[in-house]
Amino acid sequence: QQQVKQSPQSLIVQKGGISIINCAYENTAFDYFPWYQQFPGKGPALLIAIRPDVSEKKEGRFTISFNKSAKQFSLHIMDSQPGDSATYFCAANSTSGTYKYIFGTGTRLKVLA
Amino acid sequence: NAGVTQTPKFQVLKTGQSMTLQCAQDMNHEYMSWYRQDPGMGLRLIHYSVGAGITDQGEVPNGYNVSRSTTEDFPLRLLSAAPSQTSVYFCASSWGARQPQHFGDGTRLSIL
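Sequence lines, in order, name chains A and B. Under this note's numbering, residues 51 to 163 are what the first sequence spells out, in order. Under this note's numbering, residues 14 to 125 are what the second sequence spells out, in order.
Think of the hints as simulated: they come from the structure by calculation, not from any bench. Source: prediction; values computed, not measured. No residue lacks a Cβ here, since even glycine has one placed at the ideal position from N, Cα and C. One or more hints might be untrue.
Taking beta-carbon pairs under 7 Å as the criterion, some of the chain A residues facing chain B (in silico) [said to hold, decoys possible]:
#, residue
1, Tyr82
2, Phe89
3, Pro90
4, Gly93
5, Pro94
6, Leu96
7, Lys121
8, Gly156
9, Arg158
Capping the alpha-carbon separation at 30 Å, the derived lysine-lysine pairs in DSS-like fashion look like this [unchecked claim]:
#, chain 1, residue 1, chain 2, residue 2
10, A, Lys118, A, Lys55
11, A, Lys65, A, Lys92
12, A, Lys92, A, Lys108
13, A, Lys118, A, Lys150
14, A, Lys121, A, Lys160
15, A, Lys65, A, Lys108
16, B, Lys27, A, Lys55
17, B, Lys27, A, Lys92
18, B, Lys22, A, Lys92
19, A, Lys107, A, Lys55
20, A, Lys107, A, Lys160
21, A, Lys160, B, Lys22
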């Protein structure tokens, strides 16, 4: 019940295309869903986050879509660029309980020039 | 503003040795966490702290100890290193439960 399942494991997209990464969770107590971006040799950095009271959040080329009833959320990267090539992690946390983030297993994105 | 600083960046240990991974943050964050990152498994929470003097176990706490005597520092101790603890370790801090976590650049640990 604590898992966050992330797919796909890897993704190759042409420059200018849309990258889509999906996550699903089971624990209905989760109420904070961030996405992190990680470049090789670096720690993850927060990209965008959403709370379950909204269905979509957009920041620049990055959009999170959230489906509370299906317990799924996804990251869309519009107009994907080679500089977006990185590993992306979704995560979930229950802010009313313990401070225990659960991370997905990661998606390695490669954007071809 | 250094953010989250982890030392050392690389370390090789022999089985059975002990060591402490250091983590310091200069943002006055109350929340701090330790994760390990292994291929195909994402980041798994080892221990976390919601303030000085308060720590709790995460998903994979066995073989690790933590303490939080100050707001700034959150060291992770390996009591008796095992090859299964070969991993990349990340420390993170944040203002609160719904605030962004700021990660250090990791410690790459190999245990022979």
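**Request:** Identify whether the interface hint at Pro90 of chain A stands, where standing means a beta carbon of chain B within less than 7 Å of its own.
**Result:** Violated - the Cβ of Pro90 of chain A stays beyond 7 Å from chain B, reaching only about 11 Å at its closest.
**Asked** Can the hint on Gly156 of chain A be confirmed by a CB-to-CB distance to chain B that is less than 7 Å?
**Response** holds (5 Å)
**Request:** Mind checking the alpha carbons of Lys65 of chain A and Lys108 of chain A for me, to see if they're no more than 30 Å apart?
**Result:** The given pair, whose Cα atoms are some 20 Å apart, holds under the 30 Å limit.
**Request:** Grab the minimum C-beta distance from Lys121 of chain A to chain B and call the hint holds if it beats 7 Å, violated otherwise.
**Result:** Check failed: Cβ of Lys121 of chain A comes no nearer than 18 Å to chain B, outside 7 Å.
**Prompt:** Straight-line Cα separation of Lys107 of chain A and Lys160 of chain A no greater than 30 Å?
**Reply:** holds (23 Å)
**Request:** Verify the proposed pairing of Lys107 of chain A with Lys55 of chain A, using a straight-line Cα cut of 30 Å.
**Result:** Roughly 21 Å separates the two Cα atoms, so the pair holds.
**Message:** Take the shortest C-beta to C-beta distance between Tyr82 of chain A and chain B; is it under 7 Å?
**Reply:** Where the cut-off is 7 Å and the nearest Cβ of chain B is about 5 Å from Tyr82 of chain A, the hint holds.
**Prompt:** Hey, does the Arg158 of chain A contact hint survive, CB to chain B under 7 Å?
**Reply:** violated (10 Å)
**Prompt:** Does Lys55 of chain A lie within 30 Å of Lys118 of chain A when you go C-alpha to C-alpha?
**Reply:** Given that 30 Å is the threshold and the Cα spacing comes to 15 Å, the pair holds.
**Request:** Given the hint that Lys27 of chain B pairs with Lys92 of chain A, test it: the Cα-Cα distance must not exceed 30 Å.
**Result:** Within the cut-off at roughly 25 Å; holds.
**Request:** Below or equal to 30 Å on CA atoms is what counts here, so check Lys118 of chain A against Lys150 of chain A.
**Result:** holds (20 Å)
**Request:** Mind checking the CB of Leu96 of chain A against every CB in chain B and telling me if the closest is under 7 Å?
**Result:** holds (4 Å)
The structure is inconsistent with the numbered hints 2, 3, 7, 9 and 16, although it conforms to all the rest.
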